[in-house]
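Engineer: Given chain A, work out where chains B and C should sit, using these hints.
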Amino acid sequence: MTARLRKFLGTDTFLPYWLLLPSIIFIGVFFLMPLFNAILLAFRSDAGSFTLDYFKKMVADVRFIEALKYTFFLAITIVPLQVVTALAMALLVNTGFRGSKFFLYIFALPLGISDLAAGLIWLSIFTQHGFLNSILYALGIIDKPIYYISYQNIGLTFLAVVAAEHWRATAIVMVILVAGLQMISKDYMEAAEVLGARGWKKIWYVILPLLKPSLQSALIIRTIFALQTFAVVLALAGDIIPVLSGEAYFWHFLYRNSHIASAYAVFLMVISIGMTWFYLRFLRSRMEVIRG
Amino acid sequence: MSYPRILRRTLLYMSVLTFVLWVLVPIFFIGISSFTPRNEIYKWPKPLLPSHFSIDTMRFFLNSYGVLNSLLNSVWVALLTLAFTLAVGAPAGYAVARFYFRGREGFRMGILITRMFPTALLAVPLAVTFIRWGLYDTLIGVALIHTAMALPFAVIITTGIFMGVPKDLEEAAMTLGCSRLGAFARVALPLALPGLAAAAMFTFVISWNEVFAATILTVHNRTLPAHILTTIQASPLYFRFAGGFFMILPTLFFMFLIRRYLFHMWGGATAER
Amino acid sequence: MAAEIRLEKVRKTFGKVVAVKDMDLLVEPTEFLVLLGPSGCGKTTTLRCIAGLERVDQGRVYIGGHDVTDLPPAKRGIAMVFQSYAVFPHMTVAQNIGFGLRMHRTPKEEIRKAVKEVAELLQIDELLDRYPSQLSGGQRQRVAVARALVMRPEVLLMDEPLSNLDALLRLQMRAELKKLHREVGTTTVYVTHDQIEALSLGDRIAVMREGEIVQLDTPNEVYDKPATVFVAGFIGTPPMNFLRAEVKEGEGKVHLAVGDFVVEVHEEWRGRLKEMLGQTLILGIRAENIEVRPSPEEGTLPAQVVVSEPLGSQQLLTVQVGNDVLKVATSPDLPIRPGQTIGLVFTKEKIRLFDEASGKALKFG
Chain A
8 MTARLRKFLG
18 TDTFLPYWLL
28 LPSIIFIGVF
38 FLMPLFNAIL
48 LAFRSDAGSF
58 TLDYFKKMVA
68 DVRFIEALKY
78 TFFLAITIVP
88 LQVVTALAMA
98 LLVNTGFRGS
108 KFFLYIFALP
118 LGISDLAAGL
128 IWLSIFTQHG
138 FLNSILYALG
148 IIDKPIYYIS
158 YQNIGLTFLA
168 VVAAEHWRAT
178 AIVMVILVAG
188 LQMISKDYME
198 AAEVLGARGW
208 KKIWYVILPL
218 LKPSLQSALI
228 IRTIFALQTF
238 AVVLALAGDI
248 IPVLSGEAYF
258 WHFLYRNSHI
268 ASAYAVFLMV
278 ISIGMTWFYL
288 RFLRSRMEVI
298 RG
Chain B
4 MSYPRILRRT
14 LLYMSVLTFV
24 LWVLVPIFFI
34 GISSFTPRNE
44 IYKWPKPLLP
54 SHFSIDTMRF
64 FLNSYGVLNS
74 LLNSVWVALL
84 TLAFTLAVGA
94 PAGYAVARFY
104 FRGREGFRMG
114 ILITRMFPTA
124 LLAVPLAVTF
134 IRWGLYDTLI
144 GVALIHTAMA
154 LPFAVIITTG
164 IFMGVPKDLE
174 EAAMTLGCSR
184 LGAFARVALP
194 LALPGLAAAA
204 MFTFVISWNE
214 VFAATILTVH
224 NRTLPAHILT
234 TIQASPLYFR
244 FAGGFFMILP
254 TLFFMFLIRR
264 YLFHMWGGAT
274 AER
Chain C
60 MAAEIRLEKV
70 RKTFGKVVAV
80 KDMDLLVEPT
90 EFLVLLGPSG
100 CGKTTTLRCI
110 AGLERVDQGR
120 VYIGGHDVTD
130 LPPAKRGIAM
140 VFQSYAVFPH
150 MTVAQNIGFG
160 LRMHRTPKEE
170 IRKAVKEVAE
180 LLQIDELLDR
190 YPSQLSGGQR
200 QRVAVARALV
210 MRPEVLLMDE
220 PLSNLDALLR
230 LQMRAELKKL
240 HREVGTTTVY
250 VTHDQIEALS
260 LGDRIAVMRE
270 GEIVQLDTPN
280 EVYDKPATVF
290 VAGFIGTPPM
300 NFLRAEVKEG
310 EGKVHLAVGD
320 FVVEVHEEWR
330 GRLKEMLGQT
340 LILGIRAENI
350 EVRPSPEEGT
360 LPAQVVVSEP
370 LGSQQLLTVQ
380 VGNDVLKVAT
390 SPDLPIRPGQ
400 TIGLVFTKEK
410 IRLFDEASGK
420 ALKFG
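Chain order of the listed sequences is A, B and C. Residues in the first sequence are numbered consecutively from 8, following the numbering used here. Residues in the second sequence are numbered consecutively from 4, following the numbering used here. Residues in the third sequence are numbered consecutively from 60, following the numbering used here.
One chain only, chain A, in its complex shape:
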């Protein structure tokens, strides 16, 4: 019996499952279990019964609405900006001009830069004695430094965060779009040119429709991660601009309350799922697009 069982488990039919086993266990322990525990932490009181107290506390906190507002604004400013910029870069590179491969690599550089480092890089530009003020002074436009990052100038602070995050994460969108462009058969392009579509017309009527799946996956991925924007904001703007991920961090790290931190995390997850559902529903696409 055991010999037969061993033979059965040792066959090729079972080999792939053996190979998957470690990652399935890993996903179970490091994704499903935390998800389950986060829900427990967010909804279960110390007495062990179901409670909405933590969510009520989260919503009642003065910074919650602010954090929600800024997270949302960040996502809807950054994502379209990035898609447009990345599309321009991808189309430029795709023309295949001399040295385009080299420039593609340059364009992709920020891919390796963390959000914290990106925040610090742009801090060197936007800080009061930073490069932006120095340049403006050298050009004779200002004679006193402008305070880009301060409670008095929340609008400018917000724009500084947008600039940093736009700079950092456009590369990922570009890589997805370049990969998508490479998959479009040259035949379509040539057919379009034979039929007389040139320049903008070719882009609008041929390339963009064919690129739609890549655009959708880029949109979904970027939106999900834009909702989690955290270290860029913290490095650049400290606590001037609250965001949801930052609140989860503060509740856990400073106030040692993992219940409310979990509530924030669950809340983020729900918004992420909601946004994905929204994209899939209204951009009429298949699940494949999240493949990215």
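If you are wondering where the hints come from, they were derived from the structure by calculation, not from laboratory data. Warning: the hint list may mix true and false statements.
Lysine-lysine pairs mimicking DSSO-like chemistry, simulated, CA-CA at most 27 Å apart [said to hold, decoys possible]:
1. K333(C) x K284(C)
2. K75(C) x K170(B)
3. K76(A) x K64(A)
4. K284(C) x K409(C)
5. K151(A) x K49(B)
6. K170(B) x K80(C)
7. K134(C) x K170(B)
8. K209(A) x K108(A)
9. K46(B) x K151(A)
10. K333(C) x K409(C)
So the derived list for chain A, only partly shown, Cβ under 10 Å to chain B, looks like this [what the hints assert, rightly or not]:
11. M40
12. P41
13. L42
14. I120
15. D122
16. K151
17. A242
Note that the Cβ used here is the ideal one computed from N, Cα and C, for glycine as well.
Structural biologist: Only chains B and C this time, still in chain A's reference frame:
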């Protein structure tokens, strides 16, 4: 060359140049900031270029309390993550690339969905669990959650890599006297090695850059990003600039090494964060 | 050295698809057996079951009298040539050829000698230090064959080894493979979908369809006496012509009627056919077994020429008979124009008759 053609060329290169400057100038700025003498950082009006090249700021950063320690921690965590991720992810990638089995598409879909989990959702509950398991504030604990974050990429990337090694080659080796494992070791592995190396470096970068989970899961054994983030409000500007520059150095180097793989190996499935 | 191969009720399924259906097969020692069939007929799966690359669901596989059903490929005494050649790109030609011997822990000096010998046999001894990326398709193919032969296998398995070569090279390699087999004498199973390859190479041909062997015979038998309508239609260029014919009796003689036309049959068949009076059969006749008369005479089947294709050594006519279209091969010198009505005469001995329902050939005597 006709007139409009020249115009178009010029326009093309001008736009390319604009983007190149946009990408490179900020990196250049943080670079010179890290080599500006400390007192010049606060000067007004500040000259665009420092008066002289100085490693004073860098030295201050590296000698600051906790930096060297966290730097070592970061390297350890990244190496552990790399080892865990390849050990767990590569077999799965191989299975998905080689076999058609029931549940294959389901597994791939599951892997993709894990990418949508917010880091906070993993890190906060795991901090609680890790305290119970004795993994809280340990490098292994941080490496484990980094592995979880890097795993989807590793599976997707290694799938692509192993798909690039024809199945026939391994079967040929098997008909020539190799066991299945032997065929893998002598044929598939050597051919997949450059791709696997690229995947490894990419995993290293993911771990090296990660800050949220590393901060939540540690108290004393901080990684470099976690150390910088937790001390950021109390640190002088030059410390932050030097830290930022120091963090991007190895990643820029690795990105350069694996640039060939960025687009071709895993096409759309590139990383985030 | 050469061993026999025996399959007993071998079955292999992929999900709901039965790729090999309870197959029995005996390949004699030193025989060159060709598995022939359209794509998806299970011929490659059969080969992979013999190689051990697929595990059979049911049945047994014997090589040289040993039951190898549960043995991995490495322990079956086989060597295989793959369609893609599967030459290892990270090894030189010499390392590729010597790989199998190295895996069997053959002493270095012996490997070197064996590699050199087989490389000379295949005329690639000049290329031993090159890497596969520096070789042409034809050269890689030779490396793949050399790598298999150097093992002195009891059984050589080839999976469409010529299909990736261009037409001229294929012709040349085909002749060479035949010569090699005569010299080495290894039991060989060769998979192809190319019937000309099968006819030219095989001692016997196993024609497969939907996981089953439909006919297992020498090339001449398969060509002249196809066992079913499928085999008749699959083998030969052009494939065999088919007409519906009714068994009738007139003037005391049994004959076949194609429309109003009377087809005389072999005397030996008459007794059996007499029992089938009134039945409809399928009459099969090859293009080269139809004689052409420039005009429809008495006793010939009138047909209208649709197209005439001069093919060098012969002229291929497409003609219409009633609603049926036939291919007729004739001398290229015969002046024939499209639209012309000609007369056809079937060579009595070459007619094949098939049962309409089952498609199986009728057996006489």
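Engineer: Now tell me, hint by hint, if it's right for this structure.
Structural biologist: Status of the hints after comparison with the structure:
no.	hint	in the structure
1	K333(C) x K284(C)	holds, 22 Å
2	K75(C) x K170(B)	holds, 23 Å
3	K76(A) x K64(A)	holds, 18 Å
4	K284(C) x K409(C)	holds, 9 Å
5	K151(A) x K49(B)	holds, 11 Å
6	K170(B) x K80(C)	holds, 25 Å
7	K134(C) x K170(B)	holds, 20 Å
8	K209(A) x K108(A)	holds, 23 Å
9	K46(B) x K151(A)	holds, 12 Å
10	K333(C) x K409(C)	holds, 20 Å
11	M40	holds, 7 Å
12	P41	holds, 4 Å
13	L42	holds, 6 Å
14	I120	holds, 5 Å
15	D122	holds, 7 Å
16	K151	holds, 9 Å
17	A242	holds, 6 Å
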